[in-house]
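Asker: Chain order of the listed sequences is A and B.
Per this note's numbering, residue 6 is the first one in the first sequence, and the count goes up by one each step.
Per this note's numbering, residue 18 is the first one in the second sequence, and the count goes up by one each step.
Take these hints with a grain of salt, some might be off.
Said to hold, decoys possible - Facing chain B, a subset of chain A residues (Cβ under 8 Å, in silico):
| no. | residue |
| --- | --- |
| 1 | F61 |
| 2 | I117 |
| 3 | R119 |
| 4 | Y140 |
| 5 | G282 |
Claimed, not checked - Keeping only pairs whose Cα atoms sit at most 27 Å apart, straight-line, the calculated DSS-like set for lysine-lysine is:
| no. | chain 1 | residue 1 | chain 2 | residue 2 |
| --- | --- | --- | --- | --- |
| 6 | A | K109 | B | K147 |
| 7 | B | K433 | B | K800 |
| 8 | A | K109 | B | K433 |
| 9 | B | K143 | A | K109 |
| 10 | B | K488 | B | K147 |
| 11 | B | K147 | B | K195 |
Just so you know, the hints here were simulated from the structure itself, not pulled from any lab data.
Ideal placement from N, C-alpha and C gives every residue a C-beta, glycine not left out.
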Amino acid sequence: MRYRIVHKTEYFYGITVSQCHNLAHLRPRNLPAQQCLGHRLEIDPLPMDLAEHEDFFGNHVSYFSIQQPHQTLTVTATSEIQLDSGNNQLVLDKDIPWDEVRDKLAEPFTDITRENRQFVLDSPLATTSPELADYAAASFPPGRPLLEAVQDLMERVHHEFTYDPEFSTVTTPLAEVLTRRRGVCQDFAHLSVACLRSLGLAARYVSGYLETLPPPGQSKQPGADESHAWFSVYLPDAGWHDFDPTNNRVPLDQHITTAWGRDYADVTPVKGVIFGGNPDHRPQVSVDMERLPESPSTGLR
Amino acid sequence: MTDPQAINSPAHNAACPTYRQAVTGYDEMCTRQGKVRKHWRYLNSALNTMGPEVLQQRQRDTVRMLRSDGATYNVYGTADGLNRTWPLDPVPLLVSSSEWAGIEAGLAQRAELLNLILSDLYGSRKLIRKSLLPPDLVYGDPGFQRPCVISPPASAPGLSLYAADLVRCADGHFRVLKDRTQAPSGMGYALENRTVMSRLIPSLFRDSHPHRLAPFFRRLRESLAALAPATGGDDPRVVIMTPGPHNETYFEHLYLSNYLDYTLIEGANLTVRNGRVWLKSVSGLEPVDVILRRVDDYYCDPLELRPDSLLGVPGLVEVARRGRVAIANPLGAGILESPGLMAFLPRLAKHLLGQELRLPSVATWWCGQPLELDYVLANLSSLVVRPINRTISARPVFGDQLDQAGLAAWRERIRKHPHQYVGQERLAPSSAPALREGLLEPRQGIVRTFLAAGQDSFVVMPGGLTRVGEKPESRIISNQAGAVSKDTWVLASEPEQIDTLLPQGQAAYPQMKETLPGVAAENLFWLARYAERAENMIRLIRTIHHRRNETLQLGDPVYQATLGMLLQGLTHMSMTYPGFTGGGGDKRLAEPQTELIDLIRNQRRPGTLAANLAAFLDAAYAVRNLVSADTRRVFNDIGDELAGLAREEHSDLQLLQDTQDRIITALMAIAGATSESMSRELGWHFLNLGRRIERALLLIALLRAVLTTRVAPETELLLLESVLTVAESFTLYRRRFRNRPQLEVALDLLLLDETNARSLIYQLNATRQHLDVLPGQDNRPYKREMKLVIEATTLLNLANAEELAEPDADFRPRLETLLAGLGQSLGDTSNALTTTYFTHAERPYQLVDDEA
Numbered sequence: 006m007r008y009r010i011v012h013k014t015e016y017f018y019g020i021t022v023s024q025c026h027n028l029a030h031l032r033p034r035n036l037p038a039q040q041c042l043g044h045r046l047e048i049d050p051l052p053m054d055l056a057e058h059e060d061f062f063g064n065h066v067s068y069f070s071i072q073q074p075h076q077t078l079t080v081t082a083t084s085e086i087q088l089d090s091g092n093n094q095l096v097l098d099k100d101i102p103w104d105e106v107r108d109k110l111a112e113p114f115t116d117i118t119r120e121n122r123q124f125v126l127d128s129p130l131a132t133t134s135p136e137l138a139d140y141a142a143a144s145f146p147p148g149r150p151l152l153e154a155v156q157d158l159m160e161r162v163h164h165e166f167t168y169d170p171e172f173s174t175v176t177t178p179l180a181e182v183l184t185r186r187r188g189v190c191q192d193f194a195h196l197s198v199a200c201l202r203s204l205g206l207a208a209r210y211v212s213g214y215l216e217t218l219p220p221p222g223q224s225k226q227p228g229a230d231e232s233h234a235w236f237s238v239y240l241p242d243a244g245w246h247d248f249d250p251t252n253n254r255v256p257l258d259q260h261i262t263t264a265w266g267r268d269y270a271d272v273t274p275v276k277g278v279i280f281g282g283n284p285d286h287r288p289q290v291s292v293d294m295e296r297l298p299e300s301p302s303t304g305l306r
Numbered sequence: 018m019t020d021p022q023a024i025n026s027p028a029h030n031a032a033c034p035t036y037r038q039a040v041t042g043y044d045e046m047c048t049r050q051g052k053v054r055k056h057w058r059y060l061n062s063a064l065n066t067m068g069p070e071v072l073q074q075r076q077r078d079t080v081r082m083l084r085s086d087g088a089t090y091n092v093y094g095t096a097d098g099l100n101r102t103w104p105l106d107p108v109p110l111l112v113s114s115s116e117w118a119g120i121e122a123g124l125a126q127r128a129e130l131l132n133l134i135l136s137d138l139y140g141s142r143k144l145i146r147k148s149l150l151p152p153d154l155v156y157g158d159p160g161f162q163r164p165c166v167i168s169p170p171a172s173a174p175g176l177s178l179y180a181a182d183l184v185r186c187a188d189g190h191f192r193v194l195k196d197r198t199q200a201p202s203g204m205g206y207a208l209e210n211r212t213v214m215s216r217l218i219p220s221l222f223r224d225s226h227p228h229r230l231a232p233f234f235r236r237l238r239e240s241l242a243a244l245a246p247a248t249g250g251d252d253p254r255v256v257i258m259t260p261g262p263h264n265e266t267y268f269e270h271l272y273l274s275n276y277l278d279y280t281l282i283e284g285a286n287l288t289v290r291n292g293r294v295w296l297k298s299v300s301g302l303e304p305v306d307v308i309l310r311r312v313d314d315y316y317c318d319p320l321e322l323r324p325d326s327l328l329g330v331p332g333l334v335e336v337a338r339r340g341r342v343a344i345a346n347p348l349g350a351g352i353l354e355s356p357g358l359m360a361f362l363p364r365l366a367k368h369l370l371g372q373e374l375r376l377p378s379v380a381t382w383w384c385g386q387p388l389e390l391d392y393v394l395a396n397l398s399s400l401v402v403r404p405i406n407r408t409i410s411a412r413p414v415f416g417d418q419l420d421q422a423g424l425a426a427w428r429e430r431i432r433k434h435p436h437q438y439v440g441q442e443r444l445a446p447s448s449a450p451a452l453r454e455g456l457l458e459p460r461q462g463i464v465r466t467f468l469a470a471g472q473d474s475f476v477v478m479p480g481g482l483t484r485v486g487e488k489p490e491s492r493i494i495s496n497q498a499g500a501v502s503k504d505t506w507v508l509a510s511e512p513e514q515i516d517t518l519l520p521q522g523q524a525a526y527p528q529m530k531e532t533l534p535g536v537a538a539e540n541l542f543w544l545a546r547y548a549e550r551a552e553n554m555i556r557l558i559r560t561i562h563h564r565r566n567e568t569l570q571l572g573d574p575v576y577q578a579t580l581g582m583l584l585q586g587l588t589h590m591s592m593t594y595p596g597f598t599g600g601g602g603d604k605r606l607a608e609p610q611t612e613l614i615d616l617i618r619n620q621r622r623p624g625t626l627a628a629n630l631a632a633f634l635d636a637a638y639a640v641r642n643l644v645s646a647d648t649r650r651v652f653n654d655i656g657d658e659l660a661g662l663a664r665e666e667h668s669d670l671q672l673l674q675d676t677q678d679r680i681i682t683a684l685m686a687i688a689g690a691t692s693e694s695m696s697r698e699l700g701w702h703f704l705n706l707g708r709r710i711e712r713a714l715l716l717i718a719l720l721r722a723v724l725t726t727r728v729a730p731e732t733e734l735l736l737l738e739s740v741l742t743v744a745e746s747f748t749l750y751r752r753r754f755r756n757r758p759q760l761e762v763a764l765d766l767l768l769l770d771e772t773n774a775r776s777l778i779y780q781l782n783a784t785r786q787h788l789d790v791l792p793g794q795d796n797r798p799y800k801r802e803m804k805l806v807i808e809a810t811t812l813l814n815l816a817n818a819e820e821l822a823e824p825d826a827d828f829r830p831r832l833e834t835l836l837a838g839l840g841q842s843l844g845d846t847s848n849a850l851t852t853t854y855f856t857h858a859e860r861p862y863q864l865v866d867d868e869a
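Please model the entire structure based on the sequences and the hints provided.
Answerer: In structure tokens:
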């Protein structure tokens with residue numbers, strides 16, 4: 006399946022900003038089942054400086070700076086993505102007991118540990134706690150295969166937590182999300198990541214997009230899609246496996262991965278520092294995800 | 018003085034009769050048998066010869082010299098923490114050349130090793146891949162800065178500077194206690210110590226032949242210049258980036274900036290544009306090629322590192338990533354300060370250098386490994402626990418100082434996050450003789466050593482900063498904990514060539530274009546404004562004091578009325594409302610004593626004399642490298658007077674008068690010193706702009722408060738006398754006019770007389786002249802500040818004293834209108850100057866990003 010995604014972020018500062026410096030994680034990664042066929046970043050006003058580099062996790066990052074006075078900033082990322090669904094199946098036959106995975110991740114100096122220990126350790130926004138371990142425990146009886154247990158955890162988060170955009174901000178602590186049992190996709194992803202880390206497992210935060218389909222018979226509203234977040238867990242010899250607790254699905258053919266890291270702070274879609282005053286406005290974000298007709302020569306344009 | 022040749026005679030083998038060497042551990046001066054070690058004999062016998070009284074005098078001299086150099090150290094969290102005089106013990110620590118050679122080789126090897134580790138960790142991380150370093154030690158350390166990783170791996174920039182704290186243990190061998198790699202402090206203090214010592218005991222210093230420090234600093238300069246990217250050209254600009262005057266080692270930042278001839282700036286004075294770093298100077302943006310930073314890693318860039326930092330420069334990481342600015346040390350170097358790394362250095366030395374580690378670290382068990390964790394938990398009561406990063410917890414924990422509950426709590430804490438802690442052997446540092454009340458006593462000490470990257474290898478400063486505990490039982494030897502510093506002499510076998518940073522027979526460095534950072538200009542401007550405020554306030558209070566005495570003696574209602582208006586004038590001029598005006602003003606007018614004393618002493622109330630002096634000293638502290646040594650000495654005196662005001666329970670205005678007289682003398686001395694010995698560069702003009710604008714504003718405030726209302730002729734006469742006195746024009750008036758003051762004549766003298774250095778027109782003309790030479794003022798259209806001053810000058814020139822004096826019923830509307838307008842213009846001028854030249858005031862804000 007091919008998609009075109011238009012991700013627009015608009016800031017209305019309400020003040021005159023003399024300069025700004027920004028970082029954007031907006032270009033989707035290339036993965037075995039996902040090719041980024043094209044990507045364009047449009048910034049208004051025109052930045053004096055724009056450069057792309059690869060970050061520590063292999064994500065694409067754009068740095069840009071605007072050096073003239075401005076009151077609004079619009080960042081529009083347009084990406085064309087080829088998603089192959091056939092080879093993107095949850096490989097349950099390689100599943101092994103989660104406690105075995107935990108022990109493997111605790112061994113010093115193995116290939117597995119070297120690559121993945123950093124996703125077992127705390128990160129600023131996904132910090133382990135006994136409470137999170139307690140919450141996760143119900144899904145992780147001794148000997149249960151890892152992916153099965155994680156799927157159960159995902160289902161529980163989906164059913165036991167209320168999706169509530171009014172409740173949280175990026176800084177809402179996980180302890181509060183846990184006690185109040187509500188939040189948004191970011192919170193559910195962070196909570197799941199921290200639960201898994203509390204058990205000694207390796208988990209990372211994934212940022213990307215999810216196609217939303219309109220109810221049958223209706224056409225899609227522009228901007229109805231969202232930038233989205235879910236999590237991924239590491240299974241030795243079988244790699245990373247994604248889970249989306251917000252939608253209670255294993256991301257297969259409608260999730261597009263932009264970037265991954267230890268938590269949101271590593272992969273924030275757009276962040277920045279401005280001079281001129283304290284802006285009291287949240288950005289307006291809209292995402293349009295459109296299916297494109299399949300071209301005969303897959304993606305080589 | 019003792020003959021150096023005679024020092025090997027048995028008589029000189031004995032220590033000072035009063036020196037009792039330390040009971041345990043190694044004594045730097047004496048052997049176990051009580052014999053003075055060979056390299057100490059000369060110093061020991063010289064100290065013996067001097068005797069306690071001379072030594073005590075030397076100690077007092079030390080304090081005086083350090084104070085007059087402005088050598089301070091800021092201790093956090095105490096009332097008098099800012100500007101505490103740097104403590105220096107006049108007895109140096111001696112190290113023999115032969116022993117130093119071994120230390121030097123060990124340090125150079127260690128720096129090389131850390132340098133290779135740094136390049137690896139921020140490059141390909143082979144050390145983790147090859148199982149030479151455990152991943153948790155790196156990835157679990159908040160000091161590992163992922164944004165600073167070069168990806169794909171290329172050659173990451175290396176260390177330019179390195180400092181190591183050394184301890185000599187009971188076995189006589191040195192061990193490394195700490196590695197400092199982000200922004201090592203102390204080399205400036207070491208240099209200041211050396212400068213003071215060479216003045217304090219010149220002949221002893223000369224005859225002892227300590228290795229000189231200047232060549233090290235020259236190497237450092239060369240090394241920093243070599244870091245500059247190609248864009249820097251032949252004459253790259255190096256700046257020192259400081260967290261600001263409240264940082265504990267700010268003195269050193271100033272000192273190094275002077276000595277190395279680099280501009281000292283705060284992060285807010287730098288900006289990133291077009292992929293480069295620029296210095297915001299009063300002349301515009303100037304490119305920066307190399308930053309010698311004294312700011313820790315995560316504070317350096319709020320965009321990519323710590324978001325709430327106001328000390329950094331947004332975009333700095335990106336410019337460094339592109340190699341268009343060099344930062345010494347590179348951002349992320351803090352990871353090397355992890356004590357956890359010490360446990361792996363012997364292995365890494367073999368792998369990376371093919372050598373044994375020459376200079377061992379303090380024995381370290383990193384708890385991220387099961388066996389080591391068990392060992393630390395089992396032996397906690399005899400070990401020292403340190404976090405791998407200072408952000409985890411600040412202080413080391415001594416197991417033997419914990420009770421059972423404390424031990425249990427720490428075991429729990431370590432078990433929870435084992436990779437975040439190390440256990441270390443508790444070292445008993447060697448003792449060296451330190452001077453206490455004229456007598457030598459042993460104190461345990463550590464030596465901080467410094468290295469700079471040379472072309473092929475690291476160069477070691479031959480000497481260092483020794484610190485000894487304040488008391489014999491002091492455990493933590495740090496300046497925050499009250500330690501005392503010592504100069505460290507590596508004794509050369511023969512005298513060295515005198516060698517300062519200035520090459521002989523030629524100009525020191527190519528003459529550089531003057532750079533005045535906006536923040537320095539602003540501090541000079543406000544320094545003068547606060548000084549002027551303080552000075553005026555003292556004059557007015559003094560006049561009030563005299564009038565009050567007359568009132569009390571004569572009981573004349575005329576005096577009473579005059580006094581009331583002057584008191585209200587004081588409130589208006591200092592803007593300390595309500596004061597003698599508004600609600601409750603009558604009561605305070607009747608009994609002014611309490612309010613007056615508060616206006617003098619209360620440092621926490623804005624507008625008081627004490628508050629103005631405190632603000633003055635803050636500004637003075639920030640610019641003291643721009644003024645002469647004598648001026649700095651006067652700053653110190655004013656600091657003492659202010660401290661005196663706060664300390665003593667003054668309730669007597671008469672006594673306070675003496676203090677104020679001393680303060681005004683000191684302020685006059687500063688005005689004189691800056692006018693006589695400050696070079697006529699940009700800073701001088703900003704200082705004078707502040708002085709002129711403030712003087713004008715204060716005169717306007719005073720005249721509006723006391724002369725715009727019509728009063729009885731007798732009262733008016735007394736008021737005029739008082740105003741002329743406060744405005745330092747009474748003598749001139751009497752000399753010129755030889756009669757009792759008349760309003761028109763007085764107004765003419767105070768407002769319009771261009772020859773009166775205290776008149777308003779004089780201030781405006783002077784303001785215009787200073788503005789004229791500032792960068793960017795010669796182009797038309799004029800900038801706002803210039804327009805305002807031209808307008809104000811014209812308005813004043815068109816005024817006429819007779820018309821101004823003309824009353825309308827009981828009010829002088831023309832005078833009031835003119836003064837109000839001029840006051841407004843001058844206030845606006847100050848704001849316009851701020852916008853044009855001091856733009857650093859703009860602080861960065863994070864963009865809120867909050868999406869589902």
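Asker: Look at each hint and say if it fits the structure.
Answerer: Comparing the hints with the structure gives:
1. F61: OK, holds: A/F61 within 8 Å of chain B, min 4 Å.
2. I117: Where the cut-off is 8 Å and the nearest Cβ of chain B is about 10 Å from A/I117, the hint is violated.
3. R119: OK, holds: A/R119 within 8 Å of chain B, min 5 Å.
4. Y140: Where the cut-off is 8 Å and the nearest Cβ of chain B is about 18 Å from A/Y140, the hint is violated.
5. G282: It holds, given that the least Cβ distance between A/G282 and chain B is near 7 Å, below 8 Å.
6. A/K109 - B/K147: Roughly 18 Å between the alpha carbons, so the hint for A/K109 and B/K147 holds.
7. B/K433 - B/K800: 62 Å, violated
8. A/K109 - B/K433: 19 Å, holds
9. B/K143 - A/K109: 21 Å, holds
10. B/K488 - B/K147: Answer violated: B/K488 to B/K147 is near 47 Å, above 27 Å.
11. B/K147 - B/K195: 26 Å, holds
Against the hints set out earlier in the document, violations occur for numbers 2, 4, 7 and 10.
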